[in-house]
Amino acid sequence: MERKDVMEATTRFLGTPGGRTVAGVVALALIALVAILTSPNNNPNQVSSLSGAQADNAPATAAPSSTSAPGKGHSGVSALGSSSVSGYVISPSGQRVNVFAPKKTSTGITYAPAHLYSASDAYQGITKTTITLCMHAAISLGPAFNETASDVTTYFRDLNAHGGVLGRQVNLTIEDDKYTAQGAQIATQQCEGLNPKPFMVLGGIGFDQDPVVRSLAEQDHFLYLYTMADDGSQGNGPPKSYKYSFTAAPSIETVGTWMGEAAVKQAASDTKNLGDHYGAVYVNDPNWIGGYNTFRRYLDTHGGKSVDGDSYTMGSGADNSQFNTDITLMQAHNVKTVYLWMNAVGADEFVQTASSQGFHPAYVTPDGFDLVTGTVGESMDDKSGSVRGALGGWITPAFDPKNSSVPYWSAEKEMLDAYNAYDNGHQPDDIDWQAWLAFKSVTDLFKLCGTDCNRNDIAGIFDSGLSASTPPLCNTDFRANHNFGGKYMNLWRATRVPYISPDYPSASQHTVWKQITTCADKFN
Amino acid sequence: MLHAPLQTIVVLGLAKGAIFALMALGITLAYRAARVINFAQGEIGTTAAFVAWWLIAKHNQPWLIGAAGAIAIAAGIGYLMHRFIALPMRDAPRTSVMIATLGVAFLLFGLELKIFGPSPEILPTPFGTNSSGPHFGTFTLTPIYTTALLAAFAAAAGLALFLTRTRFGLGILATAQDPSSARLLGVPANLVSAFTWIAAAVLGAIAGLLVAPTQGVFFAFQMSGVIFFRGLVAALIGGLDSLIGAVVGALVIGQIDSFSGFIFSNNAGVPELVLLGLILAVMVVRPRGLLGSEVAA
Chain Y
1 MERKDVMEAT TRFLGTPGGR TVAGVVALAL IALVAILTSP NNNPNQVSSL SGAQADNAPA
61 TAAPSSTSAP GKGHSGVSAL GSSSVSGYVI SPSGQRVNVF APKKTSTGIT YAPAHLYSAS
121 DAYQGITKTT ITLCMHAAIS LGPAFNETAS DVTTYFRDLN AHGGVLGRQV NLTIEDDKYT
181 AQGAQIATQQ CEGLNPKPFM VLGGIGFDQD PVVRSLAEQD HFLYLYTMAD DGSQGNGPPK
241 SYKYSFTAAP SIETVGTWMG EAAVKQAASD TKNLGDHYGA VYVNDPNWIG GYNTFRRYLD
301 THGGKSVDGD SYTMGSGADN SQFNTDITLM QAHNVKTVYL WMNAVGADEF VQTASSQGFH
361 PAYVTPDGFD LVTGTVGESM DDKSGSVRGA LGGWITPAFD PKNSSVPYWS AEKEMLDAYN
421 AYDNGHQPDD IDWQAWLAFK SVTDLFKLCG TDCNRNDIAG IFDSGLSAST PPLCNTDFRA
481 NHNFGGKYMN LWRATRVPYI SPDYPSASQH TVWKQITTCA DKFN
Chain W
1 MLHAPLQTIV VLGLAKGAIF ALMALGITLA YRAARVINFA QGEIGTTAAF VAWWLIAKHN
61 QPWLIGAAGA IAIAAGIGYL MHRFIALPMR DAPRTSVMIA TLGVAFLLFG LELKIFGPSP
121 EILPTPFGTN SSGPHFGTFT LTPIYTTALL AAFAAAAGLA LFLTRTRFGL GILATAQDPS
181 SARLLGVPAN LVSAFTWIAA AVLGAIAGLL VAPTQGVFFA FQMSGVIFFR GLVAALIGGL
241 DSLIGAVVGA LVIGQIDSFS GFIFSNNAGV PELVLLGLIL AVMVVRPRGL LGSEVAA
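The listed protein sequences derive, respectively, from chains Y and W. The numbers in our numbering rise by one with no breaks, and the one at position 263 of the first sequence is 263. The numbers in our numbering rise by one with no breaks, and the one at position 173 of the second sequence is 173.
Possibly wrong hints are sitting among the right ones.
As the list claims (entries may be wrong) - Output of the computed footprint for chain W on chain Y, the stretches with three or more beta carbons under 8 angstroms from beta carbons of chain W:
hint	region
1	349 to 356
2	365 to 378
As the list claims (entries may be wrong) - Estimated spans, in silico, between C-beta atoms of each pair:
hint	chain 1	residue 1	chain 2	residue 2	range
3	W	A57	Y	S405	28 to 34 angstroms
4	W	P124	Y	S150	30 to 36 angstroms
5	Y	P196	W	Q61	52 to 58 angstroms
6	W	P124	Y	S405	34 to 40 angstroms
7	W	R183	Y	Q189	51 to 57 angstroms
8	Y	I186	W	V284	37 to 43 angstroms
9	W	P124	Y	Q169	48 to 54 angstroms
10	Y	I516	W	L273	39 to 45 angstroms
11	Y	Q169	W	I279	56 to 62 angstroms
Don't read these hints as lab results, they were simulated from the structure. Bear in mind the structure is a predicted one, so any value in this text is a computation, not a measurement. Glycine residues also receive a C-beta, built at the ideal position from the N, C-alpha and C atoms.
I would like the entire structure built from these sequences, with the hints used as guidance.
So this is what it looks like as C-alpha cells:
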C-alpha cells in the first residue's frame with residue numbers, strides 16, 4: 001500500500017465517529033504520558049513546594065496507611081532530598097528530623113512514629129512559635145451551662161500568658177457543632193478549612209457528634225483527639241481500630257459495664273431494699289446502644305435479669321412523651337434501680353416526672369453533670385427519699401469548689417485563680433473544670449512529645465501504648481487498646497448540702513456530686 | 001401484652017388527653033375564627049411557662065401572680081399576631097398566614113433562648129410538691145392532671161356556649177364563615193379578629209402553665225414538638241371547627257397514645273406512627289373529623 005493510500009485511509013477513518021473516539025483516547029494518553037514524565041516527583045533534585053506539594057512516599061520498610069493529598073499540607077517545612085525515601089525535614093525549630101525514625105519522649109521512652117503523614121505534612125499546624133488547634137463543641141448550648149467559647153478556653157489564655165507550651169503559643173479555634181451530628185460535620189469541615197490548618201482537631205462532648213467526626217478523621221486523615229464515644233462495637237464484639245482518632249476517655253461500652261457493677265454492688269449492700277429490680281431508660285441509637293448493651297449484659301450475668309423487661313427506649317433528643325408509661329411500668333415491676341442512659345436534659349425530665357408520680361428509685365447514670373444536680377438534685381440525692389442517692393460517674397473528679405479538703409484542691413484552686421485573672425465575671429463550673437483538665441492533658445501530651453513534635457509522633461505515642469497521668473485526672477493507658485486509653489473512672493454520689501449548687505447559675509437545688517470512689521476500673 | 005392493669009392505662013390516657021385537649025382547643029379556636037392552623041400555639045405555651053417560672057421561681061411571687069403575668073404576656077403576643085399578621089394578611093391565602101405563624105413560633109423560640117437560656121427549668125405547680133392523688137394501679141392522678149382535665153372541659157364548654165349563645169360569639173362564627181358579609185352586617189371584624197387571636201393565645205398560655213409541670217422540666221421549643229403535634233392530631237380528628245370535637249379528639253388520642261405506649265413500651269417512635277396512621281385514616285374516611293361540620297360549635 002502506498003503512503004498516499006495510507007493517508008487517505010487514515011483520513012477517512014478519522015472522519016468516522018469511531019475514528020474520532022480512537023483519536024481522542026490516543027490524545028489523552030499522550031497528554032497523560034507527558035504529564036507523568038514531567039512531574040516534579042520524577043526529578044530527584046527538586047524540593048517539594050509548600051502549595052500543591054506532592055506527597056512524599058514513606059520508606060519501603062514502613063507500612064504507610066496513607067499520605068496527605070497534594071495541597072493539604074501547609075506546615076512551613078520543606079522535605080529534604082529524595083523525600084520519597086528519607087523522611088527528613090527541617091523542623092519548625094530548625095532541627096533536621098526524620099519524621100519516621102524512632103524517637104524518645106521527654107521522659108526517655110522510645111516509640112515509633114506513625115506513618116500517617118508525609119515529611120512535609122507531618123508538621124502541619126505547628127511552627128516555631130505557634131501551635132494551631134481546632135475544636136468542635138456545643139457552643140450553642142453554652143448558655144445552658146453559663147458558658148461561652150471564651151470561658152471554656154481560659155486555660156489557653158493562662159497557658160499562653162505563661163509562655164505557652166514548649167515556647168509556642170497555642171491558638172485554639174472553637175467551631176459550634178450545635179450538639180448535633182450534622183453540626184459536628186459542618187464544624188469539622190470548618191476546622192479543616194482553617195488557615196493555617198490545625199495540627200489536630202479536638203472533640204467536645206457528644207456521643208452523636210464524636211463518632212461522626214471520627215469517621216471524618218479516618219476519611220480525611222486529620223488527627224482527632226476526642227472526649228468519649230462508642231468503640232464501634234455497640235457492645236457486641238471487639239472494638240474497632242482507628243488510625244487517626246484517639247481518646248483518653250473510656251468507651252461508652254466500658255462505662256456501661258462499670259455502671260452495671262456500681263448498680264449491682266450498691267443494691268447488694270443495701271439491706272433495707274432487698275430483691276432489687278433494675279430498669280433502664282436509654283437512647284436506642286447506634287451511637288449510644290453500646291453503653292446500654294454492656295450494662296444489661298453485666299446485670300444479666302449478676303442477677304439483674306429484670307432489666308430486659310424493664311428497659312424502655314427513649315425517643316431522640318429529649319422526647320419524654322412516654323416517660324409516664326415507662327414510670328408506671330417500672331413501678332408495677334418494683335424496679336428500684338434505674339439506669340439513665342441519655343443526655344442530661346432527658347435525665348432531668350425523667351427524674352422530675354418520676355418524682356411527681358411518687359417514684360424515687362436509685363438512679364445510676366453517667367450524666368454526672370451539675371446540670372442534673374442543679375435542676376433536679378433534690379429529687380434524686382441521698383436525702384430525697386429515693387431508694388438510694390443517685391450514682392453518677394465521670395472521668396474527671398467531681399467539681400467541688402466550696403470544699404478545700406478534696407485531695408485535688410490545688411488543681412481546682414489553680415483553675416479558679418486562672419479564671420479570676422483571665423475571665424473575671426464568669427463563675428467557673430463543672431464544664432470549665434472538665435475542659436481545663438482536658439486541655440491540660442493535651443498540653444502534657446505536647447510536652448511528652450517534645451520540641452520537634454509532629455503529627456506522626458502524636459499518633460505514634462498512642463500506637464506505642466502510652467501510659468501517662470495528668471493529675472487529678474485518672475491515669476490513661478493505651479497499651480491494651482491504642483485508640484481508647486481510658487481505664488479508670490470516678491464514681492460520685494448525689495449529696496444534699498446546705499448550699500445551692502454553687503457553680504450552676506440557675507441552680508435551685510441543694511445537691512452536689514460528691515466523689516466516693518476515685519480512679520477505679522472495677523466497681524463491684 | 002399490655003404489661004399493666006387496664007385502669008392504669010385508661011386513667012393515664014385520660015390524663016394525657018387532658019393535656020392534649022388544652023392544646024387542641026387553642027388550635028381549633030384559631031381555625032374556627034381565622035381558618036388558620038396557628039403553628040405558634042405550642043410555643044406561646046412555652047413562653048408563658050417561662051414567664052410564670054421567672055415570676056414564681058426567680059422572684060418568689062405567688063403562683064397566681066405568675067400565672068396572671070404569663071397569661072397577660074400571652075395575650076399581648078396574641079394581639080401582636082392579630083395586628084401584624086391577621087390584619088395585613090386578611091385577604092392573603094390561608095397557607096401564607098400559617099407560614100407566618102410558624103415564623104412566630106421560631107421567633108418566640110429564639111427569644112426564649114436569648115432571654116431565659118436553653119437550660120431546662122421546673123415550673124412549680126399551684127399545689128406545691130404535692131404528688132398525692134387517687135391511685136390507679138401504679139399511676140397517680142396528681143392534682144395537676146385533675147386540674148388540666150377540668151380546665152379542658154370548662155374551657156371547651158365555656159367557649160362553645162360563648163360562640164353560640166352570645167351576639168359577639170355569633171359574630172365570630174359569622175366572620176369565619178364569610179368575612180365580607182359579616183362586615184357588611186356590622187360585625188366589628190377587627191375586634192373579632194383581635195379577640196380570637198388573644199383568646200387562642202390565652203388558651204395556649206393556660207395549656208403551658210398546666211402542661212409544663214407534667215413534663216418534669218420544660219425548655220425552649222418543648223411544647224412546639226410532641227405536645228403541639230398531639231394537640232393538632234386531636235383537633236384534626238375531632239374536627240377542626242368543633243371545640244367539643246377537639247376535647248373528644250384529645251381524649252381519644254390520649255387513650256391511643258397510652259395503649260400504644262404500653263403495648264410497644266420498648267419501641268420508641270411507634271406511638272407516633274400509630275397516630276400518623278390514624279390521621280391518614282380519618283382524613284380519608286371522614287375528612288371533617290369526628291364532630292366537625294361546616295356550621296355550629
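Consistency of the hints with the structure:
Only residues whose beta carbon comes within less than 8 angstroms of a beta carbon in chain W count, and the region 349 to 356 of chain Y has 8; three or more means the coverage holds. Counting residues of the region 365 to 378 of chain Y whose beta-carbon sits less than 8 angstroms from any beta-carbon of chain W gives 3, enough to reach three: the coverage restraint holds. Our hint of 28 to 34 angstroms for W/A57 and Y/S405 holds, since their Cβ atoms are close to 32 angstroms apart. Under the hint 30 to 36 angstroms, the C-beta atoms of W/P124 and Y/S150, about 34 angstroms apart, fit the expected range.
Remark: the range hint 52 to 58 angstroms for Y/P196 to W/Q61 is upheld by a beta-carbon distance near 54 angstroms. Here the CB-CB span from W/P124 to Y/S405 is close to 35 angstroms, well matched to the stated 34 to 40 angstroms. Checked against the hint of 51 to 57 angstroms, the C-beta distance between W/R183 and Y/Q189 comes to roughly 56 angstroms, which is consistent with it. A hinted range of 37 to 43 angstroms holds for the C-beta pair Y/I186 and W/V284, which are about 40 angstroms apart.
Between W/P124 and Y/Q169 the C-beta distance comes to about 50 angstroms, which sits within the given range of 48 to 54 angstroms. The beta-carbon spacing between Y/I516 and W/L273, approximately 43 angstroms, falls within the hinted interval of 39 to 45 angstroms. Here the CB-CB span from Y/Q169 to W/I279 is close to 59 angstroms, well matched to the stated 56 to 62 angstroms.
Going through the hint list in order, the structure satisfies each hint without exception.
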